[in-house]
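Undergrad: Sequence:
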Amino acid sequence: MSLALPLAAYAAPGIGASPATAAGTEAATGSDAAAVDGPLVDYVNPFIGTKDDGNTYPGAAVPFGMVQLSPDNGHNVGYDYDRTSVRGFSLVHLSGVGCGLGGPLPTLPTTGAITSTDYGQYALGFSHDDEEASPGYYRVGLQAPAGTIEAELTATERTGVQRYTFPATAQANVLLNAGQALNRVTESDVRVVDDRTVETRITVRGFCQDTEPQTIWTRTTFDRPFVAHGTWDGQVVTAGADAASGGEGRRGAYVTFDTTGGDLDVEAVTAMSYVGADGAAANLAAEAGTFDAVHDAARSAWEERLGLVRVAQGDPDDLRTFYSSLYRSFLAPNVGSDVDGRYRGWDQEVHAAEPDFTYYQNYSLWDTYRTQQQLLYLLAPDESADMALSLVRQGQQGGWLPRWGYGTVETNIMTGDPATPFLVSAWRQGLLAGHEEEAYAVLRENADGVPPADSPFNGRAANVEYLRDGFVPHEPARSGKPGDYDLQHGASATMEYALADAMLSTMARGLGHDEDADRYAARGQSYRNVFDPRTGNFRARNADGFFVGDADPAHSDGFHEGTAVQYQWLVPQDVPGLFDLMGGTDAAVDRLDAFFAYDELVADPPHVASEVWVNGTYDYYGWETYNPNNEPNLHAPYVYLWTGQPWKTTDVVRAASTLFTDGPDGVTGNDDLGTMSAWHVLSSIGVYPIVPGADLWGLTTPLFDDVTITLDPEVFGRDSLRLTADGVAPDTHYTQSVSLGGEPLDRAWVTGDELTAAGTLDVTVGTEPSAWATDPAASPGAVVPADGTVERLFVGATPRQPVLAPGGRTEVAVQVVAQGAGTSSGTLEVTSDGAVTATTDLAEWTAESDGLPATVEGTVTIEAPADAEPGLHTVRLVVRDAAGTEAVREVSVVVSGESWIADAFDNVGIGDAGAANANLDGSGAYLLRDLLADLGAVQGLELTVPGTDLTYTLGAPRAGAPDNVAASGEVLEVPEHLRSARHLSVVGTSTHGTHGGGLVLGFADGSSQTVDVRLSDWCTGSPEPGNITVAKAGARGDRENVQKIGCGLYATAPVAIPEGKVLTSVTLPSDERFHVFAIATDATGDVPAPQVEVTAQARCLGGKAFVAVRALNTGEQPAAIELATPYGSKLFGDVAPGANAYQSFATRAAAVEAGEVTVTVTTPDGEPQQVTAAYDAAACS
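Just so you know, the sequence shown maps onto residues -22 to -1, 1 to 1159 in mature numbering (1 follows the signal peptide of the UniProt record, and there is no 0).
Just so you know, the hints here were simulated from the structure itself, not pulled from any lab data. Heads up, a few of these hints could be off.
For each label pair, taking beta carbons as the anchor points, the in silico distance ranges come out as [stated by the list, open to error]:
#, residue 1, residue 2, range
1, Arg512, Gly285, 52 to 58 angstroms
2, Asp890, Ser105, 52 to 58 angstroms
3, Asp20, Ser105, 20 to 26 angstroms
4, Val768, Glu602, 43 to 49 angstroms
5, Gly285, Glu1002, 53 to 59 angstroms
6, Val205, Glu414, 57 to 63 angstroms
Listed below are the simulated DSS-like cross-link pairs for lysine-lysine, each with C-alpha atoms no more than 27 angstroms apart in a straight line [said to hold, decoys possible]:
#, residue 1, residue 2
7, Lys459, Lys1022
8, Lys1022, Lys29
9, Lys1108, Lys1082
Treat the numbers as computed from the prediction; the structure is a model and nothing was measured. Glycine included, each C-beta is placed from N, C-alpha and C at the ideal position.
Please build the complete structure, drawing on both the sequences and the hints.
TA: So this is what it looks like as structure tokens:
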């Protein structure tokens, strides 16, 4: 089935040439080597990787089985070696995943009364001294109240088989927990069908973040009747009940056996289906068997798989780690179809599989496209073909290709476009024969589009920007659907898109789609668009085209689970082009040597591998050395093959292999569905896929002296591939020469066709490096080389939304980024809307590009007059080059308004990346100004709490000045223009958890009201109920660093101000971890009109003048009304609504000049308000 479609770049010379030699070889194999003897399954240790976040599982499964029956002991992915109790044995586990998923229907044998429904509480203890595992089998002694219960597990493809040996007891129980799992159970039903059978339906969702829901159905049968049963729902256990159902919450069934008669064993078989209850029943009927029969079959299945790679001899520890890695490589993807061929597609509909097709699911594509796909092609081509077609079906039925598919849903975990190199590899291997155009259609849609808004897929979420600008902008403040989002990892996403495009171009070319091929090949060079020639390293760029983040590549931004140092090698499609960027091959060698600490490594490989290289599973950032724990740089040791120094590949690979050991912590990082294990297997046998999607295999000295791989002759045309390295040993491991099929080979790479057609690969070894494969002509070359230069022009400013006060002045950094052949030059024109003025020192510019994005920097100075209105204003930047290309950027300038709580500010919570000019949490961490502004939370601008009409202004002090109140009972006087508010909300955040307390509202009548308010922790993943997310960025400042931790501002739910009350003050809680940035209100700005009508008149009586004043209470409340004139005043303490306060004031004169009276009205819940009324002059004589 392998396609004979070598690219032109593959045709480097080598076969038939005379090999170079080196002085002396040592033929002796290491003295610790032992012949492989006995069953290969006995070389497998399933406990490897169950500690220190390897996240493997020790339970029972068959190769690629739907069911992985394994113990759960409280770790988020199931089992952790350091924990000492078992909560249950559940049906689904994926080897080496980084977050909790699976774990449905944890089943546990117990004794005694059922008193708890939470598996965290009813878990049973165990000891590793009473625990064992082998492929297809697991056993443990559980410490139950009535004595030890021996639990044994084995499996078929679609069933898990349990055997429980109880002590003699009348209450030997089996608990079937439908309501708890390793991810979130949203619905569950359990039904006791008869005295041997229990059925469940379980709906789950989530993996690292939320996902769409999916449902499994199970059917469990016991080998004898149970004597009692019941169910539980929540905390309530109901003896004798046959069913329980509902949404989230604890739910399950128990069955009880009497083992006092001497029959201590209970066997149970649980089948599962993603199709329905009938599918589970059919799977059970087809695959059920006795425990011993199933165990024997599982053991035989594993022996057959492991026997596909037969090592003649080796160090016993090496053999155990090797075969354990080979075992883990066969654990996924997993059968998804039932025995009748039906499966649930990604449209959530039931489909019938074509004849001779088995549907598979569970693809950790970001990981497995690099190693495991290629290993399975060699060892399991029939299954690999079905796996590839299953992925195509998921793209067709779900509407888009996944990145990380679990069961019947996309999780959107990880970034880039890993489905493309995976499927292009499968196409090149011939695994998609008959389906090539189907596969190409979904790949083309994926490469050129973005999933619709109502699709659960993220896909290439940044394709609009990538196709327009040539790179994915790094916009950490932006977010998309649940999962990982490419725009939050712009630099690495660009490199991953470029790799995928380059590989897709080869498929397009092979299928005759030449225009597409040209287009994708050009896009395959997009990695160049994120290379900053000023620093000589890859860097993220923002939407303006600026290079952003720390210039130190070890502390770079925008690289997913890695740094620019680790990602710099992710250009397998064009390694010669990469070397050119680095300054040539010698400069690339220097980088590689530094990256691997090569000089130190040669002296002490284990030390460097475990201490100098990255050594924490999740320690992604801040390192400038190799990370053997994660995928982005897994292939990096093989980059030496392009430098003419292949012996260094061997040294580095052997050092990395020391990290694989025969212990619970014996894998590097998460195993990621066999990715790390496949790396170990392939590197140990001396062949490794160096360009995913291209079927190119790099060569290095094998770990073992004689390995035979069984091939499928219908696929490869022969039945075996033998790899030898006679005399290889720790001190004799350098390749001196290689022969392929008996012919000399003087290059360190082959195509898959060459390798399998030859049937043999023989390596001669020695104690020193040799001249083998050192000729520059022996390089693997470029799979998709550069062809042409792009012409692009960008302009932008930072900060994107500068803020200045009326009468203020600020300087904005402006950059022109030009990309083209040779030197570019042009002009920059700056204009403004008139409310502010703007000038620049970069009116003319010149950039040395030479095909790379070249940056020219300058300054724009912006000034606002003293009478400038607060609000948004526009500065327009127009850059033009000599060829007439134009780029425009409009900068929104904020003339800041004042925050009415600014006088109380005492904490600096908002700062600038790298500036260490804020400290929100007391430990040096703070919110990032630019990221908040990108999300709309702009300081100094009137803002609205999302979903409300409450407005507020975030204080805009100078950088480093206080901008929030660390609440400690401050009394905030409400300005007059806000006293018409009917609702308010506290805008802010909390540190070190959720905080808050009593917020005291003071009213004009002297009364007050206390309401409880709380704000979520600033970096929470789940805001408090009622809290409104104002802005949550994807990173925060930490002194001079930026941490990729999402933190933000929140608002409390609106608080109603009682009717008729006038708010005059707000007293904050006494909790300094409750940070108040603003108080939002719905005030109109209008002062409430006094509830009184006043008339005044000068009159004559008896020749004397009087001033008569009448005040009518027009309100709905009694009021105190005071009438004041130049001739006296009078207070009426309680004037009823609709009543008058009237008084005639004597002037004691015969005439009165025109004048004015003042009436003061005070309601019970308001503050005094005054109304004036004029009266005319009067003469009474």
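Undergrad: Check the following: the C-beta atoms of Arg512 and Gly285 are separated by a distance inside 52 to 58 angstroms.
TA: holds (55 angstroms)
Undergrad: Keeping to a limit of 27 angstroms between CA atoms, is the pair of Lys459 and Lys1022 held or broken?
TA: Answer holds: Lys459 to Lys1022 is near 18 angstroms, not above 27 angstroms.
Undergrad: Mind checking the hinted window 20 to 26 angstroms against the Cβ distance between Asp20 and Ser105?
TA: With a Cβ separation near 23 angstroms, Asp20 and Ser105 satisfy 20 to 26 angstroms, so the hint holds.
Undergrad: Assuming the hint says 43 to 49 angstroms, is it satisfied by the Cβ distance from Val768 to Glu602 or not?
TA: Taking Cβ atoms as reference, Val768 and Glu602 lie about 30 angstroms apart, which means the hint is violated.
Undergrad: Honestly, do Asp890 and Ser105 meet the 52 to 58 angstroms range at C-beta?
TA: holds (54 angstroms)
Undergrad: How does the Cβ-Cβ distance of Gly285 and Glu1002 compare with 53 to 59 angstroms: does it lie in that range?
TA: holds (57 angstroms)
Undergrad: Measure nothing beyond the straight line between the CA atoms of Lys1022 and Lys29; if it is 27 angstroms or shorter, mark the hint as holding.
TA: holds (26 angstroms)
Undergrad: Straight-line Cα separation of Lys1108 and Lys1082 no greater than 27 angstroms?
TA: holds (20 angstroms)
Undergrad: Please test the hint of 57 to 63 angstroms on the beta carbon pair from Val205 and Glu414.
TA: About 59 angstroms separates the Cβ atoms of Val205 and Glu414, which means 57 to 63 angstroms holds.
The structure fails to meet hint 4 from the earlier list, while all remaining hints are met.
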